[in-house]
Structure formats: C-alpha cells, structure tokens
Amino acid sequence: MRAFANAKGLLGKYYRGMADGKRPVAWCSAMGPVEVLRALGFEVYFPENHAAMLGARRAQEPLIAAAVRHGYGPDACTYLLSDIGASLEGRSGLDRFGLEVLPPPAVLACNTNQCREVLEWFAFHARRTGAPLVSIRTPRPLEGGGPSLDGYLMDQWRAAIRALEGAAGRALDAGRLRETVAFAAEASRDWEAFLRLNEGGGFRHDFGDDLVLMAPLVVLRGTPEAAAFYRDLLTEVRALPDRPLRRRIFWEGMPVWGKLRFFQEYFPKWDAGVVASTYCLSWVFDLDPAEPLESLARAYSSLFICRDEAWKEAWLERQVCAFNAGLLLFHEARTCHTNTNTRFRMPERMEERTGVPALVLHGDMVDLRHFSEAETRQRLEAFWETRG
Amino acid sequence: MRAGLDLGSSYIKWVAGPAPERVTVRRAAASVLDYREALKRLDARPGPGGCVLTGYGREVFPGTARTEVACLARAWAGAGYGDGSLVDIGGQDIKVLRFQGGKLKHHKFNRRCAAGTGSFIESLCHRLRISARRFNALAGEADGARPLNSFCTVFAATEILERVQRGEPLPALARGAYASVAARVREVGVLEPPVRLCGGFAAHHPVFRRVFAEGGGGEAETVPHPKYFAAWGAFLLAWDGAAGV
Ligand code: SF4
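Protein chains in written order, with the numbering used here: chain A, 765 to 1152; chain B, 591 to 835.
Hints are supplied without guarantee of correctness; some may be wrong.
Said to hold, decoys possible - Partner residues are not named here, just some residues of chain A that face chain B (Cβ under 7 Å, in silico):
1) 1138
2) 1145
3) 1146
4) 1149
5) 1150
If you're looking for bench data, these hints aren't it; they were derived computationally from the structure.
Glycine residues also receive a C-beta, built at the ideal position from the N, C-alpha and C atoms.
Using the sequences plus the hints, can you model the full thing?
Okay, here's the thing in structure tokens:
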C-alpha cells in the first residue's frame, strides 16, 4: 500500500517540524484538546505516542526500571512509566526523527476522559519542566449525567481554553477552531470508512496495518495533511480486492506494541486475522464544525473508554455483528485498567449475549514481561483446535 | 506402532502401542534443557509419521502438533466419559475443561502466574529439601490444613520455613499448600460434577484429591494414569488420523 510510505513521510515531517523549535510545543494526552491547541498555533506532541514507540522498539525495560526506582509503582501504567523513565534518563524514543531531546513543553494539556493516569503523568512533566498543566476533568463512566453533566463539561472546556489562551498569549480564533475541527472531522470520517471496509466478509487490512495507518490521526488530528492522508487512504484501499479469511477476530483492548510482528506473522498461519478493534475504532470522533466547542466537549466525553459496561457491551455487540467476527479476543493489559475490559466479567457476558466465543489473552501494551508468546499461542490454538 | 508425546514443562511423557486400544509403552522423563537427551532416555523416536506431539515443546520436533486441550478432550472421549469437568494441573498452568455428552464445551486456563500450579509445590519441595513423595506423605498425616497467607511461590516457601521455625507442624502447612492449589483451581472455572483430575501433579500428590474435596471442591476422582492423560489423547489422535499423521 502506498499509504504506508505516505504515513512514514508525514510522521517524519511532523517530528522534524517539532525539532526546528520555531513554534511553541504543547504536550497533549491522546484524547486531549488537540484541536484547540492547534487552533492556538501550537505544535502538538503526544507523550503516549512516545511511549508506544518505546514499546514498539522494545526500549521500555530500563526506562520502566528508572521510573520505579524514582518511586512510581511497578503496577502503574507502563506507558506512563516508560515515558517518565525516558525523561529521568534523558532518553528520547524519537532520536531517529532528529529529536535527540524531546521538545520542551510550553504548556501541558490533558483530559481525564481516558484515565486518571494521564493526569499524574502530565503532572510529573509539569513539575519537572515548570510548564503549566491544563486539565479537563471528565468523569467516568458517563451514563446518566443529564444536562447538569453537559453543563459541567462545557465549563471544564471553557476554563481549559482560557488557561490555554493564557499560555499561548493569544485568544482562540473561532474561525481557526472551526477549520481545525473540520479537518479532524474529515479525517475521522474517512478513517472510519476505511476501517469499515472490513465489515461483513471484507478483509483488506488487519490490526497491524491499522496501528501504523492510524498514526497521522493520533498526532496530526486537525491538520489538512491528515485529512488528505485519509482521503487518499480510503481511495486506495477501496480499490483493493478483499483477501479471503477463515477466522475473523475482533480485538478488544490495547495493542501489545512490542509484539505486532509476532501477531502479524502468527495469525495468517491459522488463516486468522484481526478484522477490527475497539482501539482503532476509538479514533472515530463525531465532530461538527458548525458547533466546534460543543461537539468537542461531546465527542471527547463519548469515547468507548468513558462509557459504562452496558454501553460498551451494546456497542461491542454491534461491532462483532457488523464485522462478522467469529472470535472476540480480549487483551487483558496488566497495567492499563481503564482500557482493559476483562476485570468485571465482560467476556463471559459478551459470549452469552452474542453467542460469539470470547477469549482472554494476558499481556501488556508495553511491558513484555507480562506477555508470553507460548502461552498466547497455547490459548488461541486450543480454541481453534477444539471450537473453531 | 503409533505414539503420543507430551513435551511438558516439567516432564515429557511418551505413550505408544500397536493399536488404539493397546498401549504397550508409558514412559516419562524430566524435561531438562535438551528434549533430545530426554527422548533418548525414554527410547522414544517421534517421527513425522505415526506420532502426535503436544505440550509446550510440541513444535520442537517435526510432526503433527496438537494443543494439550485437544489431546485432553480426545482422552476424555477415549475413556468413555460423558458430562463433567477435567482439571489438569500441570507444571506451569491449570486447565479446566467442561464436557457435555463427551464433547468439550468450554475450557479455561489460570492467569499468568505459577502460583497454584504444579511448580508451586515443586518449588516448595525444593526449598524445604524434601521429595514430592515426602511432601504428599506429610500432608496425608495432618489432621487439618493450616492455610498459607502467601500467594506467591517464593513467599509461600519463606512463610512455611518461618512458621515451622516458630513451631507450627509442617504436615498441616503442607496440607495448607495443597489447599492453596485447590483454591486456585476453583478460581479458574466453574466445575460441573463429576470432576476428574489429571496431570503430573495429580499423579505425584494423591493426597491433594482429599484436600480438594475438603475445601469445597467436591469429590473428585483421578483418571487412570493421570500423568499420561494428555499423551494418551495424543496417541489416540495419532490413530484417528492413521492415514494423515
Ligand atoms: S488509557 Fe491505559 S495505557 Fe493509556 S495512559 Fe491511561 S492507563 Fe495508560
């Protein structure tokens, strides 16, 4: 696919753009107010993306150790631990993009919509760098809040915007915000259409592809470049034929970044493939440029990760059905509690509800000491040999 | 001759015979670093024809490989069992399989941790410098179990040593260690009776079965030749696929 080279080119340009130090850099959580930051003229850097890269390069172990030595708990999120460890050790996972040193933050912005960990994580960087920390405190799970909750969230967003304007030294331009939201909405819409090409019996891309191809949406959301990338991606993949696939898997939970290649080589041996995932579908945002602020507040508090079990189960049932999955594979990530849905019996309930078997794999998004290839294969193969 | 070879984390087991209903060889050897060496000691020759391999090392040799779950399910059917649950306590995992009418309906494994598996007791024996046989005999002598607080294999051994030094009876603590394993088994999955035990642990620690029943696990019976149950399933699969193995 041409899109892989395009994504690589875009990312290289993005990181090099940050290295030149021309524009102030805001550090933002993955589900933070990136559109607002862009509209205020910041370059935006994402520590979670850095952590995932450290994991994919398997550089995490000494960095996690450094953070634990510093006093963080070994069971804390290993995204947080490896990124904080990198700071403590003066290491950068982005050196191959010319970023030997991570760009210093002018401001740090996060949203607790995904987890409380991002707040503690960003607080570390705020203490270390002296940069101001702006946080939107979204409560979770969100169901049943009603108008008072909507009002609370709007207040949170307005207060965050005021603080970010202070850090930027300029007022937020309504036109620029609308434009940024429009680019983000467009990219998100095309990304979803791309993901849904695998619905029914379709199979044109797998989880490993998706995790690479979603990078521009993660780090360049709200830019015309990202919008153009997804437009081209969709056109390119629409023209591709479907590949035959016997065992269709829906992946629920975090990826195991250091084992992407293992899964990409292993699944085809069993004529299996991950046709869709909660993780990649979580980067679909219902944004409306006609009411940018309201839709941002709404979209970033309607994520899968913010929802209660009943909502998640109904959503998962629709996806499993739409993607015609024969197996719902849960990844129990040892150190990510909020994005792990196995702890309150969801796999069993999903199996009862849909009739589609559910299986749990144990691992972690970054720390490979919690993952075993042999055990993973044992679980999957036992399932395929005896049940399908 | 056809054969089943179970390359487990603690032992390798070899079952062979000239017909599906005639097993003439049942042998086991500790799986040390080199599987080949152990095979020599067993006088086992897994060839690409006539042998089904199972266990963690099933892909070390060329041939037809099947997971232990598939082999255990085959052995269950081969033994003529109908409804019920099979508990396999292996060196590094616990498997619970549920059957209906002889067919596998569900299976579950323990979470990723050696606590409560066969190696939990193995490592306790090692730290206490006693054999599995002695450990089992001690547990058999005790009137009741003294529960262990530690879940972790390393801490459990330290806890036993400390408590023995403080004057607590080792037999009751050994029985307590079995109770820990039983609790772990009950955690893995729902057990529909009749419950049957298999695996090396059930073979070497027969007192465990009693502790399991006392702790609320219900009566359980141990399958014949429990240590070889998966290898026997592999052997039967080798005969099922006589032409294709
Ligand atoms: S969602 Fe999970 S992986 Fe991401 S920052 Fe929060 S705890 Fe860490």
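Enumerated hints in conflict with the structure, sorted upward
Structure breaks no hint.
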